[in-house]
Amino acid sequence: MASPAKKVLVPIANGTEPMEAVITIDVLRRAGADVTVASVENQLQVEACVGVKIVADALISDCVDTVFDLISLPGGMPGAATFRDSKTLENMVKKQAADGRLYAAICAAPAVALGSWALLKGLNATCHPSLMEQLSSLARAVESRVEQDGNVVTSRGPGTAMEFSVALVEQLYGKEKAADISGPLVNGEAGYNEKKSYLFTISRRKAYILQVMHVSIVRKGALAMLFGHGSYAVSERKQRRWMTMADLLGVDGSGGMTTATAGVDGRRKICEVMRSSHGNEYTMAELNAVKWTYDNCPKILVPIADGTEEMEAVIIIAVLRRAKAEVVVASVENRLEVTASRKVNLVADMILDEAANLSYDFIVLPGGLGGAHAFAKSEKLVNLLKKQRESNRPYGAICASPALVLEPHGLLKGKKATAFPAMCNKLSDPSEAENRVVVDGNLITSRGPGTSMEFSLAIVEKLFGREKALELAKTLVVI
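Position one of the sequence shown corresponds to residue 1207 (this note's numbering), numbered consecutively onward.
None of these hints come from the bench; they were simulated from the model. Hints are not guaranteed to be accurate.
Have a look at the derived ranges for each label pair, beta carbon to beta carbon [what the hints assert, rightly or not]:
1. Ser1336 x Pro1636: 35 to 45 Å
2. Gly1306 x Gly1238: 21 to 31 Å
3. Asn1589 x Leu1493: 25 to 35 Å
Treat the numbers as computed from the prediction; the structure is a model and nothing was measured. For each residue, glycine too, the CB sits at the ideal point set by N, CA and C.
Just need the whole structure built from these sequences, with the hints factored in.
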């Protein structure tokens, strides 16, 4: 008989950081956890940072009598301050700690909420860089991307949220489950693979999770990587190849790439690929470069539907709004509220019928199987995309959408693209599909949830320039 699912509480409030909330919810639900999203406000719907609207499953008052295996607080301001001021949530988390059960927080929440409740006293913890000074008076502040001390796990920001979430999966379910979950997220590959198996570990000394970094040589010899760092179980042959690439790229052993040997099932070794700068040069493979133009502020359409991949949608929306783009979130359904692929309820700004009357500088499709099918069946959306292409205005897609929406409607004709790895065989020209982000003229495509941040930053670069993209990446703790 299967053991019952682990129960997890993720509170949200007005001003919660939506990327941190949604990534945590999504990853834990992928692992099989029973996640309750609870509003700390007086109503279920909250308006998170940058205007992302999320509908909770319950009010926090409805959750008081439930025993949770984990309570995880997303960051964002003023969301973290609302958590701090909620006596109901404070009492729940204090009881969680007193009972020896797992609790966690990311970004502003470690300093603003957990620290204020004296739940980090004498413990190692981390938080958003801007709050480290405040944290230092409440805990032993460390600069790890993810830090675990006893039953508390803390992390830094949106750019570390996936690492943080996989660390929580490991604490709840073990390393094998964490590896199973992280593979499809990072590289779109499910299950064990002798040559490419992802392993997340917590070191005894520093106690933090390092994100997988997938390395490949792309056009112009650039180094493409997932945001963050990682432990990547690989063959000795691949380790040697990586070291050769390091030599070619001028990365020395002390400042860039190191290997640590440790037996894993007696079959392979762990290669830890680390960059001292957190890889401050995220990359994209660009062909037929053209300048993306717009008047004043770029107007961007992001459609959503039932079954849309919530991590991809929310990361795209949040990053582009932080870059000061005008982002219109439009529901392809006949209602504003949609239920995304991992049952996160998102609320659009308008119905697509209304949004279709407007003109856009850029249209970008998140993935998710159900959402991509809905997009492909939407005549209005397909017509918008065709007009976008005909007028030489930029458009893009990630995950399932390049293969299931753009390809069948002729929107990839003459273009190089990538997509979710399992769907790249549907692309008419998959010659550049191994790249994590591909830009071909006015088209940009990417692979999946684990490349969403890179994809979004690449869009920012094309619209606003690389300096703006790197500045934003640092604020989000991507680099």
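Hint numbers contradicted by this structure: none
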